[in-house]
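Build the complex from these two chains, which are given one at a time in their own frames, with help from the hints.
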Amino acid sequence: MSVAITLDFVLRQGDFTLELRERVDARVVALFGPSGSGKTSVLEAIAGLRTPARGVIRIGPRTLYSSEDRVHVPPHERNVGYVPQDLALFPHMNVRRNILYGVGSSQDDGQATTLDQILSLLELHPLLNRQVGDLSGGERQRVALARALSTSPLLLVLDEPLTGLDRGLRARVLPYLERIRDELSTPMVYVSHDESEVRALADWVVELDGGRASRSGPELGRS
Amino acid sequence: MTGVVLEIAWRTVSMAALATLVMLPPGIALAWVLARRRFPGRALLETLVSLPLVMPPVATGLMLVWLFGRRGPAGGLLARLGTDVLFTWRAIVIAMAVMGLPLLVRAARAGFEQVDRRYEEIAATLGASPVRVFLTISLPLAKRGVLAGALLGFSRALGEFGATIMVAGALPSTRTIAVAIYSYTETGQDAAAAIMLAVSASIAFGALFLSNRVAAT
Numbered sequence: 001m002s003v004a005i006t007l008d009f010v011l012r013q014g015d016f017t018l019e020l021r022e023r024v025d026a027r028v029v030a031l032f033g034p035s036g037s038g039k040t041s042v043l044e045a046i047a048g049l050r051t052p053a054r055g056v057i058r059i060g061p062r063t064l065y066s067s068e069d070r071v072h073v074p075p076h077e078r079n080v081g082y083v084p085q086d087l088a089l090f091p092h093m094n095v096r097r098n099i100l101y102g103v104g105s106s107q108d109d110g111q112a113t114t115l116d117q118i119l120s121l122l123e124l125h126p127l128l129n130r131q132v133g134d135l136s137g138g139e140r141q142r143v144a145l146a147r148a149l150s151t152s153p154l155l156l157v158l159d160e161p162l163t164g165l166d167r168g169l170r171a172r173v174l175p176y177l178e179r180i181r182d183e184l185s186t187p188m189v190y191v192s193h194d195e196s197e198v199r200a201l202a203d204w205v206v207e208l209d210g211g212r213a214s215r216s217g218p219e220l221g222r223s
Numbered sequence: 224m225t226g227v228v229l230e231i232a233w234r235t236v237s238m239a240a241l242a243t244l245v246m247l248p249p250g251i252a253l254a255w256v257l258a259r260r261r262f263p264g265r266a267l268l269e270t271l272v273s274l275p276l277v278m279p280p281v282a283t284g285l286m287l288v289w290l291f292g293r294r295g296p297a298g299g300l301l302a303r304l305g306t307d308v309l310f311t312w313r314a315i316v317i318a319m320a321v322m323g324l325p326l327l328v329r330a331a332r333a334g335f336e337q338v339d340r341r342y343e344e345i346a347a348t349l350g351a352s353p354v355r356v357f358l359t360i361s362l363p364l365a366k367r368g369v370l371a372g373a374l375l376g377f378s379r380a381l382g383e384f385g386a387t388i389m390v391a392g393a394l395p396s397t398r399t400i401a402v403a404i405y406s407y408t409e410t411g412q413d414a415a416a417a418i419m420l421a422v423s424a425s426i427a428f429g430a431l432f433l434s435n436r437v438a439a440t
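Chains as they are written, first to last, in this note's numbering: chain E, 1 to 223; chain R, 224 to 440.
In isolation and in its complexed conformation, chain R is listed as follows (with noise of 0.2 Å):
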C-alpha cells in the first residue's frame, strides 16, 4: 500500500511541477500582452485564457480529448511523430497545465500592471531594446506575481480531477491523487482513500502556505 501511495503521491507532484513549468511561458506572455498591450481582440483573448476557470473540468477534458485524441489536429499531428498523449502522462500534464494556466495568468497579469511604466520607458532611453526591458526591468519588477500566480497553478495542477480524469483516465498507470481518491471510494477502499485524503490536504496546504507567504512578501 505505502509503495502505491507514495507512487501516486510523487506521479501528481513531479506532474504538477511540470505542468507548472510547461504552462510559464505561455503564462508569462499572455499576462505581459494583456497588462501592457491594446489591440483588437484583447477581450476575447481575456476571456479565451479564463474560460477553463468557470467552465466545469469535465467539459474542458471532453475539448483535450478532441484535440488530442489520435483523429484530433494536435494529437493526429504527434501520432504521425510516434507519440501518444491520450491516457499517458503527457495527458495528465497537458490537462494540470490548461487548467491551471488562467490561475498563473491572473495573478501574473496584476503582477505586471503593478510595475511602474516609467521604469520601462526610462531603460528604454538607456539603450535597452524591448527584449531586455522585459528580461531586466518588467519581468523581475513582476517576480511576485508571477511566482505566486505560479504557486497557485500548481496548487490547482495537483488538485486536478475532471479534466485529468477525462484525458489520462484511472489507469494505474495515470492516477494521481484525486482520480485515485474517486476510485478507491467507487471500489470501497475507504482507508486507501483516507490516506490520499490526507496526503493530498498536506500538500496542498504546503503549496497553499507557500504561496501566500511569497504574495505576502
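If we strip away everything but chain E, and leave its shape as in the complex, we get (with noise of 0.2 Å):
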C-alpha cells in the first residue's frame, strides 16, 4: 500500500542548502546520489532531528513540519523510526531492552503481535538477551531495524542500512527489508548509493546531487 509522502522544504546547513520539492505516491522512496548530496539531512529532517528554514513534511495525513501553518512536531511525537548509518544501539542496554526501548511510548494497542511479529520476521528470538557489542555487523542491522520498528512507526527512515555490510550479509539482509515492505507494510525513506539495493526494494528514486534533485522518477535513471 502506497502513502503519500510530501518532502517539500528547504533546509540549510552553513553554506549548503538543501532544497526538495517531492509529491510522491510510494512504498519505498530511495535517495539516492554521492555522499555529500544531503541524503541524510533529508532523513534527519523527517526525523526531526533537524528544522528546515521552510517548507513541509507531510507523511499521508500527518503534517510534521509546516512553515506556514507554523507544525513543528518535536522528535519524540513524530513516530518516524529512524536506522542511522551509524545504527546507535545504546551500548548500555542488551538486545531486549534496546529492542523494547520505544514500546512503552507509543499508543498502539495491537503492538504485542506486532512486535512478536518483528522478532519472527527478523530472527531476533535467540538474540534478545546478548549485550549489544558481542553482535555481528549483520545482527546489529537488524536489532536497529526491530527496535525502529517496535513503535509501529508512520514511516520507516534508513541510511544506508547495507553499507558497511560485506556482499553475503548483504545479500541475507537485503531480504528482511523486503519482508518489512511486504509484510509489514510500513512505508520506508531509504538513503543508498547502491543501484542494485535501490532496483531490489525502491519504488520511487530521487536522486539527489549537490543539495537538489537532478531526477526523480519510478526508476533509476542511466548515468
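Please note that a few of the clues may not be correct.
As the list claims (entries may be wrong) - Within a straight-line C-alpha distance of at most 20 Å, the following computed SDA-like cross-link-like pairs (lysine to any residue) qualify:
| # | chain 1 | residue 1 | chain 2 | residue 2 |
| --- | --- | --- | --- | --- |
| 1 | R | Lys366 | R | Pro249 |
| 2 | R | Lys366 | R | Val245 |
| 3 | R | Lys366 | E | Gln131 |
| 4 | R | Lys366 | R | Leu433 |
| 5 | R | Lys366 | E | His92 |
| 6 | R | Lys366 | E | Asp203 |
| 7 | R | Lys366 | E | Gly133 |
| 8 | R | Lys366 | R | Leu247 |
| 9 | R | Lys366 | R | Pro353 |
| 10 | R | Lys366 | R | Val338 |
| 11 | R | Lys366 | R | Ala240 |
| 12 | R | Lys366 | E | Met93 |
| 13 | R | Lys366 | E | Val132 |
| 14 | R | Lys366 | E | Phe90 |
| 15 | R | Lys366 | R | Ala333 |
| 16 | R | Lys366 | E | Arg97 |
| 17 | R | Lys366 | R | Pro248 |
| 18 | R | Lys366 | R | Met389 |
| 19 | R | Lys366 | R | Leu394 |
| 20 | R | Lys366 | E | Asn94 |
| 21 | R | Lys366 | R | Leu244 |
| 22 | R | Lys366 | R | Val356 |
Hints are computed from structural coordinates only; laboratory data are not their basis. Bear in mind that the values here come from a model prediction, so they are computed numbers and not experimental data.
The following block contains the structure:
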C-alpha cells in the first residue's frame, strides 16, 4: 500500500543548502546520490532532528512540519523510525532492552502481536539476551531495524542500511528489508548509493546531487 | 580521647556524605546544562560555579555567613521558620556542599560531554520525552563522570576547613577533623592533633583511591 509523502522544504547547514520539491505516492522511496549530496540531512529533517528553513514535510495525512502553518512536531512525537548509518544501538542495554526501548512510549494497542511478528520476521528471538557489543554487523543491523519498527512507526527512514556489510551479509539482510516492506507494509524512505539495492527495494527514486533532486521517478536513471 | 576522636571522625564523614547528597541534584543539573545547552549567560554561570574553587575558602565562608546569618536573605527566612543555620551541623553541610560542588560539576560535565548525542537523538525518535532521554540515556551513560565527581566532591568536603570554620566555628558540637587539627595545634595538644591527622589521612586516602578506581574502570 503506497503512502503520500511530501518532502517540499529548504534546509540550510552552513554554506550548504538543500532544496527538495517532492510529492510522491510510494511504498519505498530511495534517495540516491553521491556522498555530500544531502541524503542524510533529508532523513534527519523527516525524523525531526533538523529544522528546515521553510517548507512542508507530510507523511500520509500527518503533517510533521509546515512553516506556513507553524507546525513543528518534536522528534519524540513524530513516530518516525530512524535507523542511522552508525545504528546507535544503546551500549548500556542488551538486545531486548534496546528493542523494547520505544514500546512503552507509543500508543498502539495491537503492539504485542506486532512486536512478536517483528522479532520473528527479523529472526531475533535467539539474540534477545545478548549484549549489543557482542553482535556481528548483520545482527546489529537487524536489532536496529527491530528497535525502529517496535513503535509501529508511521514511516521508517533508513540511512544506508547495507553499507558496511560485506557482499554475503548484504544478500542476507536485503530480504529482511523486503519482508518489512511486504509483510509489515511500513513505508520507507531509504538512502543508498548502491544501484542493485535501490532496484530491489524502491518503487520511487529521487536522485540527489549538490542538495537538489537531479532526477525523480519510479526507476533509477541511467547515468 | 578515643570517644572524642570517633565522634569527630563520624561527624566529618557523615556531614560530608550528607553534603554530597545535597550537592548531587543541583550539581548534575548544572553539569548537564553546561554540557548540553547554549544560552546567554552560560559563561557567567560556568564562572560562578567554579568560583569557590579559586576563591579563598574563608572568603566563600564569609559570603555564606552573610547569606545564612539571621539577618541574611536565606538565614532570615529560615530563622522565621525556627531553624538556625550558623554554628550548627547545617552550616557544616552547606559549607561542604558549596566547596565540593565545583569539583562535582566539572567531572559530571565531562561525563555528559562524552555521551554521543546520537543516542539521545535516537531515543527521542523512539518516542522518549526529554526527561526520559535524560534518565535512561544521558545519565546512565555519564554515570562514571557523575560518580567520580561525587567522590571528588565528597573528598573535598572531608577536608573542608576555611568555609566551615567561618560558618560553624570550632565548637565541640561542630568540630570536623580539619577544624579539630587546627584547634588542637593552637592549644598545644599535639598528640591529639597527630591522631586527627592520621584519621584524616586514612579517610582521604580511601576516598581518593575509590575515586581513581571509578574513573579508571
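Right, here's what the structure says about each hint:
| no. | hint | verdict |
| --- | --- | --- |
| 1 | Lys366/R - Pro249/R | holds, 16 Å |
| 2 | Lys366/R - Val245/R | holds, 18 Å |
| 3 | Lys366/R - Gln131/E | holds, 19 Å |
| 4 | Lys366/R - Leu433/R | holds, 15 Å |
| 5 | Lys366/R - His92/E | holds, 11 Å |
| 6 | Lys366/R - Asp203/E | violated, 45 Å |
| 7 | Lys366/R - Gly133/E | holds, 19 Å |
| 8 | Lys366/R - Leu247/R | holds, 12 Å |
| 9 | Lys366/R - Pro353/R | holds, 18 Å |
| 10 | Lys366/R - Val338/R | holds, 10 Å |
| 11 | Lys366/R - Ala240/R | holds, 18 Å |
| 12 | Lys366/R - Met93/E | holds, 14 Å |
| 13 | Lys366/R - Val132/E | holds, 19 Å |
| 14 | Lys366/R - Phe90/E | holds, 14 Å |
| 15 | Lys366/R - Ala333/R | holds, 11 Å |
| 16 | Lys366/R - Arg97/E | holds, 18 Å |
| 17 | Lys366/R - Pro248/R | holds, 14 Å |
| 18 | Lys366/R - Met389/R | violated, 34 Å |
| 19 | Lys366/R - Leu394/R | violated, 38 Å |
| 20 | Lys366/R - Asn94/E | holds, 17 Å |
| 21 | Lys366/R - Leu244/R | holds, 15 Å |
| 22 | Lys366/R - Val356/R | holds, 14 Å |
When the structure is compared with the earlier hints, violations turn up for hints 6, 18, 19 and for no others.
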